[in-house]
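I would like the entire structure built from these sequences, with the hints used as guidance.
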Amino acid sequence: MSKTRRSIPVFWFFLFLWIQILPILPGFGQTTENREFPNVLNNIELLSRIRPDSAYIQLQDMLAKPLSNDEQALCHQQMGRILFNNSHFTQAIEHLMTADRLFRDGKDKLKLAANLNDLGRLYYANKQPDLASRLFEEALQINLQEQHVSGTAQTYGNIGHLYEKKLQYDSARYFQYKALTLFRSVGDEKGMAKIYENLGSIFEDGEQYDSAYAYFIDALTINQQFRDEIAQIEIFNNLGDVYRKTGRYEEGLKFSFTALQLAKKTASQYQLASAYRDMARGYEFLHRFDSAYVYNEMSRELVEEIYSSSNNRQIALLETMYEVEKKNNQITQLALDKKLNTILAIAGGLVLLLLSILGIVIISRQRLKIRNEKALNERNTHIYETNRELMQSELKNQLLEEDKLRSSLEARSRELSTHTLHLIQKNQLLEELRNQLNEIAADEKRDQKRQIKQLAQKINVSFVQDKYWDDFRAIFDQVHQTFFANLKKQADTLTPAEMRLIALLRMNLNSSDIATLLAISQDSLRVARYRLKKKLNISEGESLTTFIQNL
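Under the numbering used here, the first residue of the sequence shown carries the number 1, and numbering increases by one thereafter.
It should be emphasised that the hints constitute simulated quantities derived from the structure, not laboratory data.
Be aware that one or more of the hints could be misleading.
To be verified - Pairs of lysine to aspartate or glutamate residues, derived as EDC-like cross-links and limited to a Cα-Cα distance of at most 20 angstroms, are as follows:
#1 K107 - E138
#2 K488 - E284
#3 K165 - D205
Quick look at the structure:
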């Protein structure tokens, strides 16, 4: 009876010890299927389009939970897509390669093929078309073996797009037609619409505009049936391009305007910028330059806003990645420390040699894991710090380049001012000499009068044909690069003398200096200004100087 009583506490002691050790054993708590997982992943995919940093954090949190190999692979695949869409190609490749390894360990070959397509697109964007082609070929073989029609069609479309970018249009059309045939066989109209659009682009590049128009209309019809307004915007822009390239500018503007309205409705900034640009191009062909300028400026401002927003999202994503890794490292370290302390506390109460040895083994195993995790964390931290330093270095280089350009412009401005001052001083001196010579010529000394008049005539010629005007024009063009181009849009029949007068007005010189530089009187200057206002169609009450300053 005494032995039985002593054996009961020992049993419960070992059971308690096993419960404490069990959570740290490899493979504990893993699940093979989570019914809510696909819905969660779809929601994260939608979130990634507007908040990639938040989507990345959610995927990182999901990877911290017990998941099957396929579920882990899908998370890594989605993280790779987020990084790819935000131009972080190196990190995207790491996640997609991790997904590739996990998919290859599993049995779902179709998911592997889809991931190979993602990798192919990523390698093509990273300027590695040969590697992208090999990945597309492998994805194609898997889809053919698995008899997955939609996957095969999608891969054919990717291969055709690759040939299109290589300007091999015959091969591009061949694969796009194969993709179209397969999509038709399974009734996948969304897939057909994308292929129609691809074929329209190929025929447009080949200047076969009738065929391009027909395919674009087919794609538009399907997308209108599905009410896919985002896809419609791009097609309307393509139709506008076709009409412009065939000289039907008014019809092209109608399509571009429709794309513009849809882009505003759907708040698609990229598509809106493209629509503004197409509108500007259409008005330019119609010689309606004011409207073209307005839409071009709207496109430029929106592109700058998109670029700034994209940079902010990329920086936020990088910071999120760094903070997530740092947080995960801290959590992992705390969890490991907690488990280690628990094991040490239990092992400290053991008197049996076997339990002491078991505690030592567990401690050794945890320490090894900590060292491995620490090495991995240091490597990841180094990678993120390197990326951040590279971004900061690029920003500094851009700032230095801007300072250099600004200094150069200031130097040219000083040079132009100095050159103008030199011309004023020179012409003032010549004016003084001419007046003195005229006084001498007025004298009755007949033997000097003819020679002095010839000398005064040469000085007059020097006023008009001075080589300094050529130097002045060259320096002025460097400082005000687009001024004369904008001026010619207002009037293209200006004489060289009128161009010089406009340049001096642009420099905001006073009338006295301008008259001296042009070697004319104040009255002649007023007449020249009046004629210039007539040529430029400036109203009576508007200032000529203000008009020129605003060009």
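These are the hints, each one checked on the structure:
Between the alpha carbons of K107 and E138 the distance comes to roughly 16 angstroms, so the proposed pair stays at or under 20 angstroms and holds. For the suggested pair K488 and E284, the alpha carbons sit about 15 angstroms apart, so the restraint of at most 20 angstroms is met. Between K165 and D205 the alpha-carbon distance is near 11 angstroms, which keeps this suggested pair within the 20 angstroms criterion.
Of the numbered hints given earlier, the model fails none.
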